[in-house]
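Peer 1: Those sequence lines, one after another, are chains A and B.
Our numbering puts the first residue of the first sequence at 1, with every later residue one more than the last.
Our numbering puts the first residue of the second sequence at 1001, with every later residue one more than the last.
Just so you know, these hints were derived from the structure itself, not from any lab.
Be a bit skeptical, because a hint or two may be false.
If you want the ones that stay clear, here's a sample from chain A, every Cβ over 12 Å from chain B, calculated [what the hints assert, rightly or not]:
hint : residue
1    : M92
2    : E167
3    : A212
4    : G216
5    : D271
6    : K308
With a Cα cut of at most 25 Å, we get these calculated DSS-like pairs of lysine-lysine [said to hold, decoys possible]:
hint : chain 1 : residue 1 : chain 2 : residue 2
7    : A       : K43       : B       : K1424
8    : A       : K82       : A       : K125
9    : A       : K266      : A       : K305
10   : B       : K1495     : A       : K43
11   : A       : K43       : A       : K79
12   : A       : K10       : A       : K111
The beta-carbon is built from N, C-alpha and C at its ideal position, and this holds for glycine as well.
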Amino acid sequence: MLPDASNIAKGVDGVLLFIVITGIVIIGIVTFFMIFFSVTYNKRRHPEPDSVQDSTVLEIVWTVVPIGIVLVMFYLGWKNYKFIQGVPKNAMTVRVTGRQWSWLFTYANGKNSGILELPVGKPVKLDITSADVIHGFFIPAFRIKQDAVPGVVNSIWFIPDKTGTYEILCTVYCGIGHAHMLSKAVIVPEADFDTWYNEKQQVPVQANAAAARGEGLIKQYGCTGCHTVDGSPLVGPTYKGLYNSRITVITNGKERTVTADDAYIKLCILDPGVNLVKGFPPHVMPSFKGRLTGRDIREIIAYVKTLK
Amino acid sequence: MEHNTKDTGSVSYLDKTANGRGILAWILSTDHKRIGLLYAMVMFSFFAVAVSIGFTMRLALIEPGHKILSARTYDALFTIHGVIMIFIFIIPSIPAFLGNFFLPILIGAKDVAFPRLNLLSWYIFVIGAVLAVVSLFTGGGPIDTGWTFYVPYSIQTGTNVTLAAFSVFLIGFSSMLTGINFITTIHRYRAPGMKWFRMPLFAWSLYATGWVQILATPVIAITLLLIIAGRMFGIYLFDPASGGDPLLYQHLFWMYSHPAVYIMILPAMGVVTEIIPTFSKKPIFGYTAIAMSSLAIAFFGSLVWGHHMFTSGMSQTAKWLFSLLTFIVAVPSGVKVFNWVASLYGGSIELEPPLLFTFAFIFLFSIGGFTGLIQGALAVDVQVHDTYFIVGHLHYVMFGGTAFALFAGIHYWFPKMFGKMYNKNVARLALLVMFIGFNTLYFPMFVLGWEGMPRRSYDYLPQFHTGQLISIVGSWILVPGLIIMFTNLIYALFKGEKTPANPWGGVTLEWKISSPPPRENFEEIPVITSRPYVFGAEAEHE
Ligand SMILES: [Cu+2]
């Protein structure tokens, strides 16, 4: 079942229920009469058709009554949507950037994160935008969705009112990694949030601090949308066992074998057009020239080294 | 093929000695009936391909974890499926096939106003369709943008969007020419005495459709050209970096593509409006209301495109206005449904296959309509937009609606078009299988979408597995149903029993001429003295 974990959810569910029930009743009536007439006035029982006159009264009734019904539906839909305006003053703002194919959440203190961590019961305003093509930012459990459009900032606000972990999905098709453009909204008690919020940028989960930063970077820059670390190929080759392995690549249309050393990996990241790994599609891996610094790349390589 | 044309002594449009042999006699024919069938052949060939693709995509989702098709393949498949189904199948389906064939006959004309233009439209359509196929194998390969070609992705992707967009442009052009042709035909070529309100309602629906085709198609034509310009010459109007707005593209796209939904559904409504009187042996209930509701749908339908963009980022005013208009446009559709059902009251009903298909249409279309209302409600649309809910909804409307009405129309007019009858019990069986398969396939999508399954995804989270499985099983039922239906019809085309000119006891003009119709439709143009659908002593039963 779909949880309702925000202040919006109940209202949305109510509108849905109202329209569904009205629909069942009306389609039920229509279907009933379709069958009932087919039986009652079947040719076998009723060989001669009656003469039935058009009825203006009926036409007016079944025009006006449905108008009334749909106006109620419209009103309910609007009333439960208006929330998008009037952001509370105390709302915490988080900037959401969609990119092929990951989400980046930037907090007021400059903290960057690949997951959306929020305190329970506090209003949040999300400023949503995109770094490349259009994405759709969607948290089903909260009943919120907003497209991330490049050059535009769209805002929504809500109050997450239950702790827990909820899926974040991308709903606007954005290329090969669309289906895996996933993240999580983690709703925690305020105290836990504050600790998380104020702690240092990257948790050193590994002994090697550079590798730990590298791990953070490949998530932050969406490499994991195309590359796994567990040995299974996704859109691109896996990082597992990549370092110092022998790889068949196509360079200028010719096949050759190279060793995946630091220089090779760096080149792959900055200028992926040069060496195409055999068996993978060209023009898919984006260039990160200008987006990743030399240090970033060293840290990524440090992380890749750890994946034996 | 032997054809029985002796009843009236005139020569059938299918007759080989009189019309010439071979393929040239078809592809150079300006006879609206032959052109209608030419469209049918192209459409149904593409339909078969697109159904197979749909079936494959379903199958590929049998397990989460992207094991069967790669992302690149899946993305290409859903785009091709959509482009074929929307632009090459559903949009031309009823108007270009049944409309071409029956519009002139229904209004007592010998042909459409511009027979040569009509043939030209078919050629443009075919060239467009062929280019769409060519686009798969040239340039960067099959497009992966979805049939909506949203920018900036469609500008950025390396796939062959340029050619594919051009092919859709051509197909749109063809559809517009058909619209012009039909409108002129209706204005100028009605039989003497056929006043506007004596016109059969299928003609009314094509008239409303024609206006939408003429007015809306240029918008998408220009929009697609803008994409092509953006890709080829870097003249890119939607780029935020240079002051453009990607949402402008969406506005332009839906300004056409939403009315296009009515290009798809209005003729479908027209078809079932012809069928119901014939099988209840009673005039249609609320003729005027039905005719006017077509115009109302065409009018309001042109003003609701924004409801595809509630989550894109529009002003609040635009949102509530589009939402309100969306609800309003539902009303005339409702009026039609009520009138159809009321037309059965007091009739003398025969549950022949065309009427049963019509019932299936009414039921499925109503579900499509109501799920449309769910999406029209702003608060709920936020949840279901761009999810499987939309996929379910659009299949209920386009497949359950338009395609089922097309099937109803084919079963209704088959004996007229070919002078032969299919096996009615097999047709009923096919309908039953398709109906069960259809609902098993598409209904779970509403639940999946509500729970958050995004559309156009080659992989999904494990919690969506059950829903996906049910839906996949549905495709295993629906496709055999389609195969039974088409086999039955194709068999009848060659081996079907000969049938009299008016097997259903219909009273509109097509039933007053021989089957298959004579080349010029009427030896003598009939003079119309009453409204259509008058059954009575003079109505001939055979
Ligand atoms: Cu995305």
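Peer 1: Compare the structure with each hint and give your call.
Peer 2: Verification of the hints:
1. M92: Since the minimum Cβ distance to chain B is about 21 Å, M92 of chain A lies beyond 12 Å and the statement holds.
2. E167: Given a closest Cβ separation of 7 Å, the condition is violated.
3. A212: holds, 28 Å
4. G216: G216 of chain A is indeed farther than 12 Å from all Cβ atoms of chain B, at 24 Å.
5. D271: holds, 17 Å
6. K308: holds, 24 Å
7. A:K43 - B:K1424: Measuring from Cα to Cα gives roughly 17 Å; hence the hint holds.
8. A:K82 - A:K125: holds, 15 Å
9. A:K266 - A:K305: holds, 13 Å
10. B:K1495 - A:K43: Violated, because 29 Å separates the two Cα atoms, which is more than 25 Å.
11. A:K43 - A:K79: violated, 50 Å
12. A:K10 - A:K111: Answer violated: K10 of chain A to K111 of chain A is near 32 Å, above 25 Å.
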